[in-house]
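Using the sequences plus the hints, can you model the full thing?
Chains as they are written, first to last, in this note's numbering: chain L, 1 to 827; chain Y, 1 to 168; chain X, 1 to 262.
Treat the hints as calculated values from the structure; they're not laboratory data.
Among the hints, a few may not be true.
As the list claims (entries may be wrong) - Stretch by stretch, here's where chain L covers chain Y in the computed footprint (C-beta under 8 angstroms, at least three residues):
| # | region |
| --- | --- |
| 1 | 77-85 |
| 2 | 151-158 |
Said to hold, decoys possible - Calculated pairs, DSS-like style, for lysine-lysine (alpha carbon to alpha carbon, straight line, at most 27 angstroms):
| # | chain 1 | residue 1 | chain 2 | residue 2 |
| --- | --- | --- | --- | --- |
| 3 | X | K96 | L | K65 |
| 4 | L | K3 | L | K453 |
| 5 | X | K96 | L | K453 |
Unchecked claim - Going by beta-carbon spacing under 7 angstroms, a handful of chain L positions derived as facing chain X:
| # | residue |
| --- | --- |
| 6 | E651 |
| 7 | T652 |
| 8 | A696 |
| 9 | V704 |
| 10 | M709 |
| 11 | D710 |
| 12 | Y711 |
| 13 | A712 |
| 14 | W779 |
Glycine included, each C-beta is placed from N, C-alpha and C at the ideal position.
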Amino acid sequence: MPKDGIGESVKRREDQRFLTGAGNYTDDINRPNQTYVYFLRSPSAHGRIRSLDIAAASAAPGVVKIFTGDDMAAAGLGGLPCGWEITSTDGSKMAEPPHPILAQGKVRHVGDPIVAVVAETREQAKDAAEMVAVDIEELSAAVDMSAALQGAPFVHDELESNLCYDWSLGDKDATEAAFAGAARVVSIEIVNNRLVANPMEPRSAIGEYEAATDQHTLYTTSQNPHVIRLLMGAFVLSIPEHKLRVVAPDVGGGFGSKIFHYAEEAFVTWASKQIKRPIKWTSDRSEAFVSDAQGRDHVTKAELALDADAKFLGLRVDTMANMGAYLSTFAPAVPTWLYATLLAGQYQTPAIHARVRAVFTNTVAVDAYRGAGRPEATYLLERIVEQAARETGLSPFEIRRRNFIQKEQFPYPTPVAVEYDIGDYEATLSKVEKMADVAGFPARKAEAAARGKLRGLGLSCYIEACGIAPSALVGALGARAALYEVATVRVNPTGSISVFTGTHSHGQGHETTFAQVVADRLGVPFEQVEIVHGDTDRIPFGMGTYGSRSLAVGGAALAKAVDKVIEKGKKIAAHLMEASAQDVVYEDGAFKVAGTDKSIPFGQVALTAYVPHQYPIEELEPGLEETAFYDPKNFTYPAGSYVCEVEIDPETGAVEICNFCAADDFGNIVNPMIVEGQVHGGLAQGLGQALVENCAYDETGQLVSGSFMDYAMPRADLFPTFKVDTETTACTHNPLGVKGCGEAGAIGSPPALINAALDALSPLGVKHIEMPLAPSRVWAAIAAAKPSEGAAAATMAATPTAAPTSAAEPAKSESKPGLMGRIFGRS
Amino acid sequence: MPQVSMTVNGKRMAGEVEGRTLLVEFLRENLRLTGTHVGCDTSQCGACVVHVNGDSVKSCSILALAADGAEVTTIEGMAAADGALSQLQEAFRDYHGLQCGFCTPGMIMSAADLIKSNPNPTETEVREWLEGNICRCTGYQNIVKAILAAAARMRGEADPDFAAFAAE
Amino acid sequence: MYNFEYAKPDNLETAKSLMAREGAQALAGGQSLTPTMKQRLAQPELLVDITGLPELKGVARVDGGVRIGGGVRHVEVERSAEVQAAAPALAQLAGKIGDPQVRNRGTLGGSIANNDPSACYPAAVLALDGVVSTSNGRDIAAADFFQGLYETALEEGELVTAVTFKAPMRAAWMKFPQPASRFSLVGVFVAQFADGHRVAVTGASESGVFRHGDLEAALNTGGDLDSVAVSPSGLIADLHGTPEYRANLIRVQAKRGAAAMV
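Written as structure tokens, this is what we have:
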């Protein structure tokens, strides 16, 4: 293995520019003669626009032009498209209402853009926006999902309902039968709280148009510039690919929120042509709270059937998922194919049925946020398994071990349409049990009690589906795009290598790890390899970075492209060495004739490819550049076990995380340092959700937590030093054997923390608590539990966020559980 | 329009601003020193931290005119002229104390102020000091390590034994 | 932000004449005012930067206490030997306001003139029987100075020049932070003087900072604070806590503060 190859904690090459202030983020870019746009947004959650007067504002100092929804309609612009179509259980297609760039007729959430003011400076645009007279007739708002399903007010009048779809997965009859034969049924009702992704870089976009060439350029804070080019070019603005360049330069974090195509991007691209000047928009943080797609927001009722030995027999799930006011790019897929398919977890539950209703409300759109569906599934499952442990009197470790899929059972088809290729759940559980010194917990608990603190230990065993995704499969499930990945490996004449990847790095360190992969596979020095990403004019194609897919899919494309380079190189080398190509092997950066001492270094082959004086020119084109598309055969299934220990101050309700241990199986690891960093970051977001983060709306649809003053961002003092470690079972179906690590921490950690808190609080009679564990909420739960358990139950029922879902109605048809199994095959 | 002048990273800089121009706007737009970032509008995230007369401050909460005549240091002034990183920057790289890089300039400027006033901070002191710096990527762990390691190096000591650290 | 005229006087007299102008607003550290103006929630015509006034600087021991200039920054109070000697709890309070960058800019005068209901300093001024000196030559007792949410006894254009705190026998500052803003969800300053205890509470009440008589009485009589009924009436209800929760925190923090006094 060369230095700095696969498995080495190579220090990141992107750090030099970030550490010296030389990064190039979208807001750092200014274009000649640039203007600025400010979006005047709806202060109301729901209302009808009675009138709009821009006359005075248009005459304000510095104003270039003001645009309204009528201008968009007159130009015949499309609305923002949704990239995934879900089919309801009854066979009908999901409701897909229009999503205009600027509001037309109605406003549907606080922050819905109404007017775009383009001016010479940011402040002039804001000054002028205050002079726009908007008269909005306030309508009552649909906010709570249960109420929204009961009838008016309707977010989209033409739908005469707030239901987007009513979908189900799994064998309903088999599940009913499992419950009929159960020795015990455990039930739970939980809320998965809405979150705001809040990457530290607010979104920004610059649109620029060159009339002489009819060329559009969009600089934008995106995780997937090609996807934006496709969605915006084809569906919104009708600009063909060759006339539209999308650049996503350095991007300051995404976590899902920068996957989606947003109105502001379409506006600056289109309007820059109208005014013939570049237009820049940069979001304020307060604006981001009402314009970036948000995450999670499920209300779920679930039941788990067990036999007398606490073996799981069946799982029944009924979920309401909030879509917000409009369908964001991937929104419909998140609570369905990224959620219900993971409900088997690490367990051998034979029958599972899930019903999911997606609901429109007068709130900001909800879409994928780090984990996307999988955290919701894991939270539900690991809470109900914990509840089962408590009700059966088994330890949390024992009940899980009894139900684990055993390592010799892989490949393992689950009853919710996926087939796990490989795993070893006992290995990660045993590892975390040791790391967390679970045996020593009783002593720590006693010591805490002596200080007046309640100490609890919580476990969570998660699985996720990453490496999104096999195109034929997701196509069958409603995706309107493919999800392969693309890489080009260009060997330059002197042997240096330029790699063009369709994934996008916004913190993940691809410029380092992808270079490690190429250097390792080619046996060349790491320094010789440069990674290029983020520009549709430089990269052939790509689907971007999300769903922990970059290495598992993008890295696999890279490996394929490298292999193609080696194959061509063998032919060139064979010619040079007067041998047969079949006899040439590639080892340690050199082409060799097997069984002889004949050898030509890689660099000489590269030079020959570009200076083909002695070359098989009749059979082979000059040059050494290969492109590969890699379409994955299956998802990858990272899994792991997490243990959290907390101490609760019963007088104030304050919760302190004392200890957190994570044992993950990510398959093969390219750069352990970067993987650890990804786990830390995921844990901080998952623990943030469980402990402090909460995106809250009041009953009128006003966002109560609309800035960092009320939306708690995790800070450094919230966490102890995490202990993280890995076990490895290599993925069986991609060339690198990798699974993905970006989302695990956010998926596995929330139930570990809540289970720890309930472990601490259960002696007081507290049986249930919602995220986040705000001190006031913990204190109220303790206070309510004190007199009697009955009082505690009454308080829980009265918790406004814990609105019960209505009972599941009989479904007419079911999505076929064997669908994915059939596509993947077993062998 | 009012005139403002200040010494930025050792160089005398002057320009025309409005009364309402913030120091961060003057740095980013007038001087094109775009390493200082803006991540919030409520003075909490700390992406904009710079040094004014030696103290770390949030440049989004100070008017450019209020810094008239001041000595200002930004992230661009932390490395040597030849690009050689300072010990603090080097430690951030060694310990993977950054991912997307957006909060990093503010983190570095804040940490530099900590080490100046407290050359031998504990892990708890580092975590508490960073109350005004939000990072969404790293979970802070490697930032804390980087700062502790940088402080040790500046004291002429070896890096702390972080394996023992996590086992505590 | 709306635009405005900016002036930075170098002496109090000039500052006073500038402050007498229509639409004038004093700018101290600007850690509350600047964000407020960025949200366009304030529209001063003239911003008078008072950070260059020598009359507002300095910390000095005075008979039975410590006098701190209105323009003294939190970081200076935190690290002041005089303050640490006279009232270590006051230094501690200053060291927990906001974050290090806020403490490097924010001032005592700016904080109490703003009188945010969740600010820390007002609790100390009230608990340490502070007297607020102003540019109009007035000395205002703490009890008269704070007059409800963002309201003080200051007149138009009047600046806080100094606050004189009495040195307690013992005192403690107990801050329970709101998880997002890190302002006080409830902050309790407990101080013991020869003539009894003072308990001042910030962050909790819809009427701003206040003293809690029943808790003071219980401390004066050596009573059990757990048995004191703290009424939730008039306390703040928001995303982060109910009035009942805040009432509980007042009692718990007062109890812990009494035990922790130094």
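Handout entry: Violations among the numbered hints, reported as their numbers in ascending order
Key = 2, 3, 4
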